[in-house]
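Visitor: Using the sequences and the accompanying hints, generate a full structural model.
Protein chains: 2
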Amino acid sequence: MKKMITPFITLLLCTLGLIARQQEPNRKQYTLVIHGGAGTIVKTAMTSAKEAAYEEVLTKALQTGYHILQEGGAALDAVEATIHVLEDSPLFNAAKGAVFTNNGRNELDASIMDGRTLNAGAVAGVTNIRNPITAARAVMEKSEHVMLSGKGAENFAQQVGVTLVDPSYFYTQDRWDALQRALKKDSTAAGENVDNRQAAKAGTVNRDDKFGTVGCVALDQQGNLAAGTSTGGMTNKKFGRIGDSPVIGAGTYANNESVAVSCTGWGEFYIRHVVAHDIAALMSYKQLSVEEAAAAVMAKVANAGGDGGLIALDKAGNMAMPFNTEGMYRGAVDRHGNIEVKIYKD
Amino acid sequence: MKKMITPFITLLLCTLGLIARQQEPNRKQYTLVIHGGAGTIVKTAMTSAKEAAYEEVLTKALQTGYHILQEGGAALDAVEATIHVLEDSPLFNAAKGAVFTNNGRNELDASIMDGRTLNAGAVAGVTNIRNPITAARAVMEKSEHVMLSGKGAENFAQQVGVTLVDPSYFYTQDRWDALQRALKKDSTAAGENVDNRQAAKAGTVNRDDKFGTVGCVALDQQGNLAAGTSTGGMTNKKFGRIGDSPVIGAGTYANNESVAVSCTGWGEFYIRHVVAHDIAALMSYKQLSVEEAAAAVMAKVANAGGDGGLIALDKAGNMAMPFNTEGMYRGAVDRHGNIEVKIYKD
Numbered sequence: 000m001k002k003m004i005t006p007f008i009t010l011l012l013c014t015l016g017l018i019a020r021q022q023e024p025n026r027k028q029y030t031l032v033i034h035g036g037a038g039t040i041v042k043t044a045m046t047s048a049k050e051a052a053y054e055e056v057l058t059k060a061l062q063t064g065y066h067i068l069q070e071g072g073a074a075l076d077a078v079e080a081t082i083h084v085l086e087d088s089p090l091f092n093a094a095k096g097a098v099f100t101n102n103g104r105n106e107l108d109a110s111i112m113d114g115r116t117l118n119a120g121a122v123a124g125v126t127n128i129r130n131p132i133t134a135a136r137a138v139m140e141k142s143e144h145v146m147l148s149g150k151g152a153e154n155f156a157q158q159v160g161v162t163l164v165d166p167s168y169f170y171t172q173d174r175w176d177a178l179q180r181a182l183k184k185d186s187t188a189a190g191e192n193v194d195n196r197q198a199a200k201a202g203t204v205n206r207d208d209k210f211g212t213v214g215c216v217a218l219d220q221q222g223n224l225a226a227g228t229s230t231g232g233m234t235n236k237k238f239g240r241i242g243d244s245p246v247i248g249a250g251t252y253a254n255n256e257s258v259a260v261s262c263t264g265w266g267e268f269y270i271r272h273v274v275a276h277d278i279a280a281l282m283s284y285k286q287l288s289v290e291e292a293a294a295a296v297m298a299k300v301a302n303a304g305g306d307g308g309l310i311a312l313d314k315a316g317n318m319a320m321p322f323n324t325e326g327m328y329r330g331a332v333d334r335h336g337n338i339e340v341k342i343y344k345d
Numbered sequence: 000m001k002k003m004i005t006p007f008i009t010l011l012l013c014t015l016g017l018i019a020r021q022q023e024p025n026r027k028q029y030t031l032v033i034h035g036g037a038g039t040i041v042k043t044a045m046t047s048a049k050e051a052a053y054e055e056v057l058t059k060a061l062q063t064g065y066h067i068l069q070e071g072g073a074a075l076d077a078v079e080a081t082i083h084v085l086e087d088s089p090l091f092n093a094a095k096g097a098v099f100t101n102n103g104r105n106e107l108d109a110s111i112m113d114g115r116t117l118n119a120g121a122v123a124g125v126t127n128i129r130n131p132i133t134a135a136r137a138v139m140e141k142s143e144h145v146m147l148s149g150k151g152a153e154n155f156a157q158q159v160g161v162t163l164v165d166p167s168y169f170y171t172q173d174r175w176d177a178l179q180r181a182l183k184k185d186s187t188a189a190g191e192n193v194d195n196r197q198a199a200k201a202g203t204v205n206r207d208d209k210f211g212t213v214g215c216v217a218l219d220q221q222g223n224l225a226a227g228t229s230t231g232g233m234t235n236k237k238f239g240r241i242g243d244s245p246v247i248g249a250g251t252y253a254n255n256e257s258v259a260v261s262c263t264g265w266g267e268f269y270i271r272h273v274v275a276h277d278i279a280a281l282m283s284y285k286q287l288s289v290e291e292a293a294a295a296v297m298a299k300v301a302n303a304g305g306d307g308g309l310i311a312l313d314k315a316g317n318m319a320m321p322f323n324t325e326g327m328y329r330g331a332v333d334r335h336g337n338i339e340v341k342i343y344k345d
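Protein chains in written order, with numbering that gives the first Met the number 0: chain A, 0 to 345; chain B, 0 to 345.
One should not assume that every hint holds.
Computed spacing ranges between beta-carbons, pair by pair [unchecked claim]:
(1) Lys344(B) to Gln62(A): 49 to 59 Å
(2) Glu70(B) to Ser167(A): 51 to 61 Å
(3) Pro166(B) to Ser167(A): 46 to 56 Å
(4) Lys285(B) to Gly222(A): 19 to 29 Å
These are computed hints drawn from the structure, not numbers from a lab. Fair warning: this is a prediction, and the values are worked out from it, not measured in the lab. Ideal Cβ placement from N, Cα and C applies to all residues, glycine included.
Guide: Below, the structure is given as structure tokens:
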């Protein structure tokens with residue numbers, strides 16, 4: 000009799016183990032994750048007032064998105080509304096707080112993706128749209144296109160009723176001063192004909208001028224994932240540079256079958272490594288967890304010399320927010336409404 | 000004794016089988032593959048003179064690339080030189096033969112990627128660069144950026160010595176007439192405020208106006224892969240639309256570890272499905288062959304309602320050139336210099 004009971008008990012224990020592993024009762028289920036950019040964010044350079052200001056906006060953004068999800072709203076709506084809060088704050092390099100290009104303009108990029116349909120929309124290099132994430136959503140929903148750029152994107156936004164502002168709306172003293180410092184550095188560097196790759200290596204290009212993008216990923220009660228990213232690009236940007244933020248697959252990706260991702264960092268590395276889609280591919284094709292996939296792809300970026308971070312949220316509510324810079328403004332809310340906000344490394 | 004010989008023979012046969020499989024002696028090893036766009040290309044609508052003209056340029060393009068590779072040149076050089084031949088021909092929708100935008104301009108996009116380093120470069124919406132693929136390569140090699148757009152990209156190209164032309168260089172009667180037909184169709188349609196997605200479904204947007212991109216993938220004697228794509232976009236294009244051609248991961252991708260890919264077709268679907276990178280991911284993460292991966296991703300595009308084609312060449316010289324349209328201008332050359340050129344379905 001004992002011989003029969005032993006395998007039965009073993010089977011029972013295995014089954015219970017599997018159930019426990021599937022439910023992972025000790026693991027939090029997140030519904031919305033945000034970032035406000037990665038970079039040289041160190042505690043010694045921060046005042047407690049500034050810290051509190053960042054934490055306040057990050058918290059408000061998370062509450063906004065959570066409220067929509069709790070009411071049964073769509074992940075896409077939560078992503079858009081959450082990013083509005085970050086775009087409307089002068090603290091982040093997106094919309095209101097966007098950095099200045101070399102010629103003293105604010106050129107904004109944004110993209111959004113619906114994990115349910117794989118529909119996506121993006122705008123690049125727009126100068127008079129108050130909330131670029133809303134313009135990106137309009138491209139997705141009201142055109143047959145995915146990516147619109149420059150004046151054409153602005154004309155489209157106007158035609159479909161997206162709120163426009165005078166470009167002066169994006170003026171902030173801090174960002175203007177940052178441009179003046181960058182221009183001064185430029186004039187003491189080798190001039191415009193320099194190989195900027197060399198300049199970056201030599202440290203004459205300020206790597207931190209690239210950071211500050213905002214992003215959001217969300218999972219709604221219907222199991223739909225969505226992702227969005229919005230940025231002012233890099234200080235002293237030239238030549239109509241487009242970074243990873245408006246590039247679907249690089250800075251933004253969402254697929255209900257796997258994960259929603261939004262990136263921030265040195266955009267060129269994120270484009271070359273197709274970061275957001277690579278995380279989804281590792282999860283779908285190699286069954287990696289969201290933490291494993293995010294870590295693996297961040298390692299590729301780091302090995303190539305790039306830095307930054309990302310947020311990722313899978314279809315089960317597991318999330319990752321890795322970064323290889325000193326800090327990343329970030330936060331998450333679980334399905335019970337518990338909010339976590341962080342700035343520095345753990 | 001027999002007992003010892005049998006496993007020995009089995010092992011020997013297995014080893015020989017493995018060697019045969021690795022060498023695949025009956026399988027051609029390709030070094031360079033090109034496309035000149037996919038679309039409604041049917042034999043009944045083609046004259047033999049037109050057919051011969053297409054075949055002549057495709058053959059010349061393949062010979063140009065093959066010559067470079069045979070001499071020990073780099074895949075990247077072969078891709079650039081091959082695409083020059085296609086860009087300089089008025090037959091294809093790239094550079095010289097580019098279609099016109101809604102406002103009567105020619106706006107060109109191109110990208111290139113080096114599978115050895117994962118470096119990449121792209122230009123979007125340029126109007127005065129004779130060979131956009133060369134501008135894309137200049138972005139990759141002479142800037143710290145990946146993607147430059149519009150006037151800024153043109154200024155960069157001028158600074159680094161890329162050949163500029165007067166925009167009138169891109170005027171061809173055929174393309175101008177195509178725009179006039181599209182504009183006429185527009186004025187009889189619901190006007191600019193229409194939901195273009197509905198218009199596409201209703202057939203009031205000519206799907207074929209999206210096609211005609213050129214591309215090339217190459218494998219050099221050092222085992223390096225490279226990919227490039229160049230396009231004039233879509234006839235009657237509005238709003239500064241950016242398609243998949245200048246988007247790394249969507250229209251172009253190369254990675255020595257797996258494959259080089261260049262796409263042509265309804266760009267929006269190629270962006271949403273991150274087509275070029277998805278093929279590489281299926282090969283790297285699921286060990287699919289290039290044919291299997293290309294077919295799987297083309298099926299995703301088709302299931303979503305998109306059409307077009309692509310070319311893919313793996314690190315062993317295996318290639319695929321699937322398409323789900325009536326035809327695709329395409330060709331390949333193997334390592335012995337044998338050239339294949341095709342237009343219609345097999």
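Visitor: Take the C-beta atom of lysine 285(B) and the C-beta atom of glycine 222(A), compute their distance, and say whether it sits inside 19 to 29 Å.
Guide: Taking Cβ atoms as reference, lysine 285(B) and glycine 222(A) lie about 24 Å apart, which means the hint holds.
Visitor: For the range 46 to 56 Å, tell me whether the beta carbons of proline 166(B) and serine 167(A) fit it or not.
Guide: The hint (46 to 56 Å, Cβ to Cβ) is violated, given that proline 166(B) and serine 167(A) are roughly 32 Å apart.
Visitor: Would you say the C-beta atoms of lysine 344(B) and glutamine 62(A) sit inside 49 to 59 Å of each other?
Guide: 56 Å, holds
Visitor: Determine whether the Cβ-Cβ distance between glutamate 70(B) and serine 167(A) falls within the hinted range of 51 to 61 Å.
Guide: 57 Å, holds
Violated hint for the displayed structure: number 3, the only one.
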